[in-house]
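Residue numbers for the sequence shown follow the working numbering, so the first one is 1 and each next one is one higher.
Just so you know, the hints here were simulated from the structure itself, not pulled from any lab data. As the structure is a computational prediction, the values presented were derived from the model and not from experiment. Virtual Cβ for every residue (Gly too), placed ideally from N, Cα, C. One thing to keep in mind: the hints can contain errors.
[Stated by the list, open to error] In silico DSBU-like links for lysine-lysine, alpha-carbon gap of 30 Å or less:
no., residue 1, residue 2
1, LYS78, LYS100
2, LYS92, LYS144
3, LYS92, LYS78
4, LYS78, LYS144
[To be verified] Label pairs and their calculated CB-CB ranges:
no., residue 1, residue 2, range
5, ASP125, GLY57, 33 to 41 Å
6, LYS78, GLY57, 14 to 22 Å
7, ILE65, ALA142, 31 to 39 Å
8, THR79, ILE39, 14 to 22 Å
9, SER122, GLY83, 31 to 39 Å
10, HIS99, ASP125, 28 to 36 Å
11, PRO52, ALA123, 21 to 29 Å
12, ASN60, ASP14, 36 to 44 Å
13, VAL47, ALA142, 35 to 43 Å
14, ASN60, ALA108, 18 to 26 Å
15, ASP125, GLY63, 42 to 50 Å
16, PRO124, PRO49, 35 to 43 Å
17, LYS78, PRO124, 32 to 40 Å
18, GLN117, ALA44, 37 to 45 Å
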Amino acid sequence: MTESNPATSAAAEDQSQQYLTFMMADEEYGVDILSVQEIRGWEATTVIPNAPPHVKGVINLRGTIVPIIDLRQRFGIKTLAYGPTTVVIVLKVRLDKQHKVMGIVVDAVSDVFSITQSEIRSAPDFGQDTDMRFIHGLTCVADKMVILLNINMLLGNEVLPDASQLSSLLQQLDLEQPQAANL
Numbered sequence: 001m002t003e004s005n006p007a008t009s010a011a012a013e014d015q016s017q018q019y020l021t022f023m024m025a026d027e028e029y030g031v032d033i034l035s036v037q038e039i040r041g042w043e044a045t046t047v048i049p050n051a052p053p054h055v056k057g058v059i060n061l062r063g064t065i066v067p068i069i070d071l072r073q074r075f076g077i078k079t080l081a082y083g084p085t086t087v088v089i090v091l092k093v094r095l096d097k098q099h100k101v102m103g104i105v106v107d108a109v110s111d112v113f114s115i116t117q118s119e120i121r122s123a124p125d126f127g128q129d130t131d132m133r134f135i136h137g138l139t140c141v142a143d144k145m146v147i148l149l150n151i152n153m154l155l156g157n158e159v160l161p162d163a164s165q166l167s168s169l170l171q172q173l174d175l176e177q178p179q180a181a182n183l
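The whole structure should be built from the sequences, with the hints applied where relevant.
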């Protein structure tokens, strides 16, 4: 039987984790930097017919078809025209015990912050009508509230069309993937 060492538990709780922060409207959000694959400027997507409004389409990223989600629309925030600071954060997401690559459109990238577990507060309960599963927690950085997102919940299966439907639609659109030799 092993006993819990309070000093070890406290050290683990205060171990910092890095978050990439970004802006949407006037709010700052953060995602675990270990989930970030890359940050890209906005580029037009191939639209997927009958996809939910927040699914902007797909891009071909070095042979991988990447769904692009507009977080403003996903969160019900008024949409704006994309500008020079609009970026796509490409993320590695765990869905159904598999890792997928997905992109989120955000207004601008802010910074990278190291945050300890003890600095993260639970999101308040707003009742049954508000889905808080995708919020990992809240923290303050430089006197500003940052909403830390759980991307695995945020970009879960209900966000995208069924995988077989998406595959079928991509075949209908005849998207060509570059061969490995061309990369």
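Here is what the structure says about each hint:
no., hint, in the structure
1, LYS78 <-> LYS100, "holds, 28 Å"
2, LYS92 <-> LYS144, "holds, 27 Å"
3, LYS92 <-> LYS78, "holds, 26 Å"
4, LYS78 <-> LYS144, "holds, 22 Å"
5, ASP125 <-> GLY57: 33 to 41 Å, "holds, 35 Å"
6, LYS78 <-> GLY57: 14 to 22 Å, "holds, 20 Å"
7, ILE65 <-> ALA142: 31 to 39 Å, "holds, 38 Å"
8, THR79 <-> ILE39: 14 to 22 Å, "holds, 21 Å"
9, SER122 <-> GLY83: 31 to 39 Å, "holds, 34 Å"
10, HIS99 <-> ASP125: 28 to 36 Å, "holds, 31 Å"
11, PRO52 <-> ALA123: 21 to 29 Å, "holds, 24 Å"
12, ASN60 <-> ASP14: 36 to 44 Å, "holds, 42 Å"
13, VAL47 <-> ALA142: 35 to 43 Å, "holds, 39 Å"
14, ASN60 <-> ALA108: 18 to 26 Å, "holds, 25 Å"
15, ASP125 <-> GLY63: 42 to 50 Å, "holds, 43 Å"
16, PRO124 <-> PRO49: 35 to 43 Å, "holds, 39 Å"
17, LYS78 <-> PRO124: 32 to 40 Å, "violated, 23 Å"
18, GLN117 <-> ALA44: 37 to 45 Å, "holds, 40 Å"
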